[in-house]
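> Given chain A's structure and the hints, the job is docking chain B onto it.
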Amino acid sequence: MKEKLKQIEQNVLSEIQIVEDLKKLDEIRVKYLGKTGELTQILRGMKDVPAEDRREVGSLANIVREQIEKAISEKLCDLENAKLLADMEKEKIDITEPSKGIKKGALHPLTRFNNKFMDICVEMGFTVIQGPEVETDYYNFEALNVPKNHPARDMQDTFFITDNILLRSQTSNMQVRAMEKMKPPFKIVCPGRVYRNDSDSSHSPIFNQFEALVIDENIGLKDLMLMIKEILRRLFGEDVKMRVRPSYFPFTEPSIEIDATCQMCQGKGCSLCKGSGFSEVFGAGVVNPKVLEMSGIDSKKYSGFAFGPGIDRSVMVTNKIPNIKYLFRNDLRFLKQMR
Amino acid sequence: MKISYNWLKDFVDLDVSAEDVAERLTVSGFEVEDVIYLNKHLHDVYVGKIKKIEKHPEADRLVVCKVDVGNRDVQIVTSATNVFEGAVVPVSLEGADLANGVQIKPSNFRGVKSDGMFCSGEELGIDDNYFEGASVNGILILPNDFVAGQKIEDALLLNDVVFDINVTPNRPDCNSIVGIAHEICAMFGKTFKDCDISYKTVGENVKDYVSVSVETANCPRYSAAYVKNIKLERSPLWLRSRLFAVGIKPINNMVDITNYILIEQGQPMHAFDYKYLDGYKIVVRQAGNNEEIAVLNGNTYKLDDSVMVIADAKKPVVVAGVIGGTNSCISDDTVDSVFECAVFDLKSVRLTAKKLGLRTDSSARYEKGVNINSPTLAMKRALHLVSELNCGQIVDGVIDVCSEELEKGEVLNISYSKVCKILGLEIPKEKVLQILNGLGIVSSLNGDVIKCVVPFIRDDIKNENDIAEEVIRIYGYDVYNNVEGTMFENSSITIGQFEPRLVLENYLKNILVNNGFYETLNYSLYTASACDKLLLDENDERRNFIRIANPLSEDLSTVRTVMAHALLLDISYNLSVGNKELRFFEAGRVYQPKSLPLTELPVENNRLSIAVCENGYDFFQLKGLIENLLVSTSLKYKIERSKQPYLHSGVSADIIAEDGKVIGWFGKVHKTVLKNYDINQDVFYAELDTDYLSQLQDKKYATKEISKYPVVERDIAVVVDEKITNGELMSAIKSACGKIFFDVNLFDVYRHSSLGENKKSMAYKILFMSEEKTLTSEEINQVMNKVLKGLDFRYRAKLRQM
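First to last, the sequence lines map onto chains A and B. Residue numbering for the first sequence follows my numbering, starting at 1 and increasing by one per position. Residue numbering for the second sequence follows my numbering, starting at 1 and increasing by one per position.
Only chain A is shown next, with the shape it has when bound in the complex (with noise of 0.2 angstroms):
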């Protein structure tokens, strides 16, 4: 009896390990472990063994019967796995199909810079605001120290509406609007368009500016250059460097303009920067306190400051934009590039 059950061991498991797929695993588990499989019989036959062989035999077939079963399930194991190893195989995909479901846009690169920028200006304590386009005489010219036929009127060519109503030259415009809604100490900085009439390669009609403007007591040139590194740094970048030149603006007194490291060239030296390795950033001075006490703000005790890039140079620029006529066009190959 105990040769069977050990005959019935090494046919099993010699069967089990040459089987390859799962319906021939069934057979061989229903061959022995069926109702009328080999090895039931023999646990059926239990009763004829002699008494005293019975619990040795006994034990030995359940330890057999065991040993089949888990051969059995640890082929079966195998083999379901090889299965699916085989079915990944044949669902593999070429991965370098196109992807699917919508693409993403983009923004436009003005409002990204806008973006960026108006992120400094607030981590620095700046309100954005915004206000009117069309606008008066009085708070695009006549409030900044610009009186009518002033010859700093030339400086920039308006579309006027009619004598007394324009389409803003500046967003200088905001600073009064400011001062005569805001008490001061304040910081606003306003992202907008403005208008000038002169169209060529080099200008559009219609460009994007920003104006900020700090009042508070014991503000000074300093605190300005001090916030402008700072600004021209988170721009672009650690290495930039700025140039201060002496200019004038009617609202401004002193008035500056800054020049930083050419981000075309890099400071290298270009055709867009004549060479300098600098470009013009910003237009910037101490506000003049006539302008102060013209919107009603005590010149004897406030001072501040104001300063207003063109931003669509630097956009320009910093995106390596070819042609200032593509920021207006909106030409889906060249949009598509700014994703």
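Below, in silico cross-link-like pairs of lysine-lysine (BS3-like), each with a Cα-Cα straight-line distance of 27 angstroms or less:
#1 Lys431(B) / Lys462(B)
#2 Lys429(B) / Lys300(A)
#3 Lys354(B) / Lys148(A)
#4 Lys533(B) / Lys325(A)
#5 Lys773(B) / Lys739(B)
#6 Lys462(B) / Lys300(A)
#7 Lys580(B) / Lys533(B)
#8 Lys355(B) / Lys148(A)
#9 Lys300(A) / Lys451(B)
#10 Lys509(B) / Lys104(A)
Now the in silico label distances, taken between C-beta atoms and shown as ranges:
#11 Lys336(A) / Lys789(B): 51 to 61 angstroms
#12 Met46(A) / Val711(B): 53 to 63 angstroms
#13 Lys336(A) / Asn490(B): 43 to 53 angstroms
#14 Lys301(A) / Ile493(B): 12 to 22 angstroms
Since the hints were made in silico from the structure, they are not lab data. Remember, predicted model here, so these are calculated numbers, not experimental data. Ideal Cβ placement from N, Cα and C applies to all residues, glycine included.
Okay, now just chain B, sitting in the frame of chain A:
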């Protein structure tokens, strides 16, 4: 403003190079836009004297000249026919690079060596106006007294450098040689050398020859002098060279003197031919409304009373401050002359120049502002030149009609500590004084107070800020390059924030970008015909648009009242260049006047406009997009058929807020509109009022407990008339379901002839749920019956028989 380096040297002893001067001018606030070397093409050209001319042995048309060029003789082969032995001529030698591009090197003419070339006036870059004989077709024959061997640039006084300076409007005084010379003195610590204003007169009295009356308020000062027995001739070379350098054509001594004063002193002048002044009277007045004047540029202008003129007893003779008339100008037969040196109101001159479309050197100067004191010195300087050039006899006295008090220069008490505060820097007191005194602002310090005596020409200086600027621009802004410290050290902390509309706009923009849209930027100016293209009704408010008085072109003549035009143009353009699958948006403004003509500012309304031109895109995709844009706002809205004339009336909707305001619309664009924009595919368009949306409160969320009881589904399909909308059926279903209603969705619309004419089948999935118990079939069946009855009663909807 063009400034001659040599001319500057009349007033300041300069020992620095022209490049250094240019650099220093720029960093001190006078941007030098260009540095022009008048001698750029004159190197290696010398004065030569022809000693001997011989025929060329091999060529009939050539001659061989032996020429003395100072330290040696050279041999020049030439074909020029106007040379002769003893002639003094310009000789270009090896290395010369002439104005017409010719480079000189020794050459060989049929076996005869030539060391260089004789030059014509053209090759030296000059003509007859500058130097007599320079325009002849041939070699320039120089005067006999020119010394052989001298550099031609020295001999012809072309050894000059010209700075083209951008003078800012606050410094009218620097539109002159003397103004810039004063600045240079301050920059380099030099002393200004005063002008020579001495002259001799022949006695008599100017008043016996001419009278002046000023009858307009636009001429605060008019002075006149009388010069008789004029010897009209070419000005001497030194004077011509000055004018030539700054781009003014020399004419004759009298006219050249007036131009010389304009450039040197910044004071425009005029010279009359005395004999043509009717009544020997000068009257400064506004023109009569029908008066005319023929002027020196060859044109005749009709005048009106906004134009100031200088007239004689009968007629206008000069458009004041702008241009002289032909009827009284200096000409070859002029014997006696009246010099004018006046101050005119800058606004008046500006308006006249604009009106006549005529900008002259004189008007440009007056528009910037001429100081009331200016004629005093300028007239003396002009008479000095008359005397020096010996071109006439000066009669005693200058008529000076002046209605304003002359400026003496203001005394300002400036706080030193305030200047430092403005700059945020401590510049040593002695340095401050040195700079101010150098600029001619006589300054002394007493405690914290700097007493400044500001010269009258610097009427731009009024307060501490002005003084701070003078100090720092001369001290040098580069001091800030290395400045350390904290910004706003002595000021307050402010909290930054964005305008709510910008926050909303950015939020919406990002949703759009993630849905495959590209942001566009369009001009907010367009042509009035946009309204026609978009089929706006005659009475549409948006036809009341703002027109620009001075537009660049018709295309940019109108301030937009409609957004759609721009995106349709963008689509049209993109299709025309072969771009496909277009999803665009723009955040922009429309400008709606309250009334026309404009008396108050228009309403500027911010909008988000969206356009799609893509195969297979449909209304409901657009609707889904709009819903997604609006879902996170607190906007409560309904939609109704759109009234936008440029949208397809059957495939478009207006978005209506709770207060009844139409705050947006979306739908398919009208076929005729598409045609008007040359678009041959469907376009879907939407627009939202972002100002309205940004004024809404933040959306508030209040969530409910999730029910323990299951949701039960029932499907139902009903056949209804085509005109019954989904919206109507859904709300009928909802109200019939009562308390246990959970949700309803349209999942199929079926149209077939078997349903009957103009009928459709609408299939809904209705979800029921109770918060109190599990619903039984019995309860649901009862409700479903109610739903069917309700739909039948209200819309004659019949359960579809499968």
